[in-house]
Amino acid sequence: AVGALIPPTCGVRGGDHFGMRAHPILKDRQGRPLRRLHCGQDIPGPSGTAIRAPAYGCVGQAGYSPSKGYFVDLVHEQLGLVTRYFHMPNLSRLPKDNRKWKGTCFRPGEQFGAIGSTGLATGPHLHWETAPLIRKVPLMTGMQQDPMRFLNPRTPLNISCPRLLSVASTQPGALGTPP
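Residue numbers (this note's numbering): 20 to 198.
Keep in mind that the hints were calculated from the coordinates and are not lab data. It is possible that part of the hints are untrue.
[What the hints assert, rightly or not] Cβ pair distances, simulated, as ranges:
(1) Arg48 to Ser179: 41 to 51 Å
(2) Pro85 to Asn117: 24 to 34 Å
(3) Pro172 to Pro151: 26 to 36 Å
(4) Lys119 to Ser84: 16 to 26 Å
(5) Arg55 to Lys119: 31 to 41 Å
C-beta: ideal position from N, C-alpha, C; glycine also.
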């Protein structure tokens with residue numbers, strides 16, 4: 020799956036990277052920022068910027084969490100990955116009936132959400148995570164891994180939107196599209 024994904028957004032640059040960092044909101048008793056593992060890649064951008072499927076994937080779960088805000092987990096069965104998207108403003112791209120969210124599938128490059136700032140967020144951005152899918156247990160994943168290592172080298176994070184959509188439409192087999 021390394022090199023299998025296209026960026027989930029286009030025309031933006033990355034923010035905080037995967038790894039240890041001082042948390043921008045959470046503080047210890049002395050008021051110092053807590054140091055903790057940042058398990059994803061932050062991608063700042065204007066509110067409403069499209070979030071697109073980085074490969075063929077189906078919703079495993081979606082909802083709201085006080086820390087994640089509105090979130091979606093996409094399962095990329097063919098790639099053995101789960102990708103996660105936090106801080107969206109809403110879940111309006113999913114079916115109105117939340118009982119139908121699970122299993123809703125998106126093609127590479129298809130919009131399923133937007134950048135927002137819900138949950139623990141200092142401003143509008145996408146928090147993007149990847150984790151290996153453990154197939155024996157539904158929605159069980161291994162430890163999060165740096166999403167940047169799964170990007171296709173021909174599709175950098177700051178790729179233009181026309182280029183991103185062109186790659187998504189011309190190389191579906193490389194992006195986990197089912198046969």
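Okay, the hints, checked on the actual structure:
1. Between Arg48 and Ser179 the C-beta distance comes to about 46 Å, which sits within the given range of 41 to 51 Å.
2. At roughly 18 Å, the beta-carbon separation of Pro85 and Asn117 lies outside the given 24 to 34 Å, and the hint is violated.
3. In this structure, Pro172 and Pro151 break the distance hint of 26 to 36 Å, their C-beta atoms being roughly 20 Å apart.
4. At about 20 Å, the beta-carbon gap between Lys119 and Ser84 stays in the expected band of 16 to 26 Å.
5. Here the CB-CB span from Arg55 to Lys119 is close to 35 Å, well matched to the stated 31 to 41 Å.
Checked against the numbered hints given earlier, the structure breaks hints 2 and 3 and satisfies all the rest.
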